[in-house]
Structure formats: C-alpha cells, structure tokens
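Peer 1: Number 105 in the numbering used here belongs to position 82 of the sequence shown; there are no gaps in the numbering.
Since the hints were made in silico from the structure, they are not lab data.
One thing to keep in mind: the hints can contain errors.
Pairs of lysine-lysine residues, derived as PhoX-like cross-links and limited to a Cα-Cα distance of at most 20 Å, are as follows [claimed, not checked]:
#  : residue 1 : residue 2
1  : Lys-75    : Lys-92
2  : Lys-280   : Lys-209
3  : Lys-209   : Lys-270
4  : Lys-250   : Lys-406
5  : Lys-257   : Lys-243
6  : Lys-300   : Lys-92
7  : Lys-257   : Lys-406
8  : Lys-80    : Lys-47
9  : Lys-402   : Lys-234
10 : Lys-185   : Lys-300
11 : Lys-301   : Lys-130
12 : Lys-269   : Lys-280
13 : Lys-355   : Lys-345
14 : Lys-234   : Lys-394
15 : Lys-345   : Lys-185
16 : Lys-234   : Lys-406
17 : Lys-130   : Lys-185
18 : Lys-243   : Lys-402
19 : Lys-92    : Lys-47
20 : Lys-75    : Lys-47
21 : Lys-243   : Lys-394
22 : Lys-269   : Lys-209
Ranges of calculated distance between the beta carbons of each label pair, as one might list FRET restraints [said to hold, decoys possible]:
#  : residue 1 : residue 2 : range
23 : Leu-58    : Glu-222   : 45 to 53 Å
24 : Lys-88    : Gln-246   : 53 to 61 Å
25 : Leu-86    : Asp-147   : 33 to 41 Å
26 : Met-62    : Leu-86    : 22 to 30 Å
C-beta atoms are modelled at their ideal positions from N, C-alpha and C, and glycine is treated no differently.
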Amino acid sequence: MNTEGSARNYPLHPEEVTNEFLSKCFGSEIISFGLDTSMTDGGVLADAFRVKNIEYKNHTEALEKNLPKSCFIKCTKEIPEIVEMCLSTQVYAKEVYFYSTLINTVKEVIRVPDCYGIFKDENDLDCREFCLVLEDFSEDEWVPFDQFENPMNFEDTEQFMKDLASFHAACWGEPVSDQPGLGPFKAHWQSLNDEYWSEDGTTTWDDVLPKWEEVYEEPKCCQWLTKKVRSTIKRITEIYASNNGKKIQEALIESLKNTPRTITHGDARGNNIFKSKKSGTMGVIDWQMWVAGPASNEFGQVWFNSYSLESGMIHRFEELTKTYYESLCSHKPEIREEYPFDQMMIDIKLLFINIWIEYLGFTVGSLDGYKDPAQQKAKENWKEMITRNMQTIHYSGCLETFEDFIAGLDLD
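Let the sequences and hints guide you as you build the complete structure.
Peer 2: Dropping the structure here:
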C-alpha cells in the first residue's frame, strides 16, 4: 500500500488517470487500461469509477505477483456543496483513516476491499483532495447490488444480517478513545441535527420545502406520498419545531451513549454491498461513515435506502432484525442481557428519526448542486432515497416509539 503527499500528483477525475500513476500503485509498468464511469452518479458523498483491462508490460511478473487486472478509484466528490458537507463531518478523513489503520482489525471478520494506494496532501488533515485505489470486487467473483436496479432480496438481506452480526460481535465492547470515530457516540451527521433550529425560529424543514419546489419544480414537497405517510412526517416535524424540540433531540442522543458499544459501518445500504459467488457471504465497501456506538446505529442507512416500498421488505423489518439479533447473540450470548432485543428495536427506531433529521440537513446542502443538468441522474436518485426514507419511518412504526420515548422525559 502506498501513502503519498504532494502538490497533487494523483487523479480526482477519470480523465486524470494515467499509466504512470497506476504503475506507481502496483509497482509494475502498465501500458494500457480502460475506464468504467457508469457508477459515478450513484455515489452521494464521493466520486468513484472503475479502472479495467489493465495491461502490464511484463506479463510474467504480473502473473507471478498476482497483480490486479482492474481496480476501483474513489476520490473527492465533484459537487462543491457536497464536498463542504463532507469536510464538516470528516467523511474523507475517516475513510482514509479506515484504509490506513482500522482495516487491519475489521478485515478479520468481514470482507472489505484491499487498499493499493492512499493519496492526499499530507498537510491537509481534512483530506479535501484524496484518492483511494482499492480492490475491485470483480463480477467474476462477486454479485454487485444496486439499490435501484438490483436490490437485495429477502434471502440476501437475511445473509447480510448474519454477516453484520458477526462483524458487530467481533467489535463488541469497543472502548472510548480519542481516535477519529472512536469517541463517545455521536451519529455521523449529528451536526446537521444540531443546526436544525435557526435563530429566527424556523427549522431545516422550513428551508427544505421552498428549495425542493425550486429544484424539482414540484408544487409541494412530499405530495406524491400517501396521506398516512405525509401525516407521520408532518407530526415528526411538528415535534422538532416545538418548544421542547431541542431538549428531545438532546435526550435521544444522550439515551444512546450508555448502550453497549461496537463499530458500525454506518452506510451499509444496497449500493455498498456485494455477494460472493463462492460463499454467498457479503463484502462491504465505502467505509466513510463508520463510528463506534450502539449496534442500532447500523440500520438507518440499510433500511432508508436499500428497498422500495413495492419490494415489501419494510414489512419484514422486525423479522430480519430478529435474524440479526439471534446471530449476534450466538456469537456473544451475554448480549441478551446487555442489550435486550426490545430495547434494540426501540433504539433503531429512534435513530431512524434521528437520521431523518440529518437527511433534511443534507438535502438543503445538496439541492443547489442538483441544478446542474449534468447531475440529473443524481438528482433523480436523491428523490427516490428521500421517498424511501419517509416511507420507512412510517411503516416501521417510528412515530409511536418516538412519542412513547418523549412521554417518558421530564421536559419541565
């Protein structure tokens, strides 16, 4: 693995990849390669593309060293508004830290891509400009999921729940430290929750509505949803806009700081999951939102993004979470007492609410970038994800759990 710092001698765009750069990554002269940028629009926080058909000058050496014929390059997002949001929560720095340090522990329990090179300005702790050269989970060995075109089915999700359980069990009891992501629990995008309330008395939701109408040219945000789903979302936004909104938010996060800790991937949605053709187990990419905290933190991204309502998967939410929990306890039986299933379900639903507020903040920060015609596909994907978010909140019963939680608080 190479880690380099310089006045940018690494690519941030597909057209900047060269034979010389790849030769440096793999330690053998490369004479040609191809590019596949078809997945770039699917990346929300960073840009990614595949380098394929790599040809080495010394074929014999390449075979002896088992050098890759393809790789995956991940780099800074081209949309400036999203880059600024990523920097505010150390998205890029956390992924660089994962592939430079944390990978050595995690790869023992769940399949993650090997890292061939890390490139960034060594003086920039935020990693504003970075490039990771990663193992390509090739289609010869892996089935790539796509949360829109090729989502996980029930059996796939069942296996994924078991693999997540193995990962979480191995990291159970992760101590608090001062390393990135390993401090006291704080949701990755919690700063967006903290900024939900403006000094003039308005909220992020109030900002979303007109901005959405401007960018999507729709008369009203959410009107395409059913009346029941809209009613649930309306009630949640009313709670957050109330005089006790901030207190409720603070109490929600505080309630999760004393739960047993593990390491969660934090962005384990469909696009980041691959299935091994050989073993049927899952591999996970995109380690940019990982954090130490309650296992319940893992499931917001899984359920908010991976499935359409039409798939019926949300109606099997509790069943699949039970599969995860039983597998988790099979690895570490003491978890039944430390973190009962009913409490985990409550925490998952509360964190669904929490991440929804984060999504509103992310929406406000991203929408201007979607005015660019070149971002049309990304714009369409975002609307579909927001739709799934709101449907998941409603059909998983989050509102009832949230109101029960609030009823138990001393808000005087």
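Peer 1: Now tell me if each hint is right for this structure.
Peer 2: Going through the hints against the structure:
For the hint pairing Lys-75 with Lys-92, the CA-to-CA distance comes to about 6 Å; that is within 20 Å, so the pair holds. For the suggested pair Lys-280 and Lys-209, the alpha carbons sit about 8 Å apart, so the restraint of at most 20 Å is met. Distance hint between Lys-209 and Lys-270 is fulfilled; the C-alpha atoms sit about 16 Å from each other, no more than 20 Å. Using a Cα cut-off of 20 Å, the hinted pair Lys-250 and Lys-406 holds, with the two alpha carbons roughly 18 Å apart.
Taken as a hint, the Lys-257 and Lys-243 pair is honoured in the structure, with Cα atoms around 13 Å apart against an allowance of 20 Å. Proposed proximity of Lys-300 and Lys-92 is supported: the alpha carbons are some 19 Å apart, at most 20 Å. Using a Cα cut-off of 20 Å, the hinted pair Lys-257 and Lys-406 holds, with the two alpha carbons roughly 18 Å apart. Taking the CA atoms of Lys-80 and Lys-47, the gap is near 13 Å; set against the 20 Å cutoff, the hint holds.
Distance restraint check for Lys-402 and Lys-234: the Cα-Cα separation of roughly 13 Å lies within the 20 Å cut-off, and the hinted pair is therefore satisfied. Distance hint between Lys-185 and Lys-300 is fulfilled; the C-alpha atoms sit about 17 Å from each other, no more than 20 Å. As the CA atoms of Lys-301 and Lys-130 are separated by approximately 18 Å, the hinted pair is consistent with the 20 Å bound. Between Lys-269 and Lys-280 the CA atoms are separated by roughly 17 Å; this keeps the pair inside 20 Å, and the hint holds.
For a cut-off of 20 Å, the pair hint linking Lys-355 to Lys-345 stands: about 15 Å separates their Cα positions. Between the alpha carbons of Lys-234 and Lys-394 the distance comes to roughly 11 Å, so the proposed pair stays at or under 20 Å and holds. Proposed proximity of Lys-345 and Lys-185 is supported: the alpha carbons are some 10 Å apart, at most 20 Å. Simply put, Lys-234 and Lys-406 have alpha-carbon atoms about 13 Å apart, close enough for the 20 Å limit, and the pair holds.
The straight-line distance between the Cα atoms of Lys-130 and Lys-185 is roughly 16 Å, inside the 20 Å bound, and the hint therefore holds. This hinted pair checks out: Lys-243 and Lys-402 have alpha carbons roughly 17 Å apart, not beyond 20 Å. Distance check on the hinted pair: Lys-92 and Lys-47 sit about 15 Å apart at the alpha-carbon level, within 20 Å; holds. Of the supplied pair hints, the one linking Lys-75 and Lys-47 holds, its CA atoms being roughly 16 Å apart against a limit of 20 Å.
Between Lys-243 and Lys-394 the alpha-carbon distance is near 18 Å, which keeps this suggested pair within the 20 Å criterion. Distance hint between Lys-269 and Lys-209 is fulfilled; the C-alpha atoms sit about 16 Å from each other, no more than 20 Å. Taking 45 to 53 Å as the suggested C-beta distance range, the pair Leu-58 and Glu-222 conforms, at roughly 47 Å. Between Lys-88 and Gln-246 the beta carbon distance is about 58 Å. The supplied range of 53 to 61 Å therefore holds.
The given range of 33 to 41 Å is respected by Leu-86 and Asp-147, whose C-beta atoms sit roughly 38 Å from each other. Look at Met-62 against Leu-86: about 28 Å separates their beta carbons, and that is inside 22 to 30 Å.
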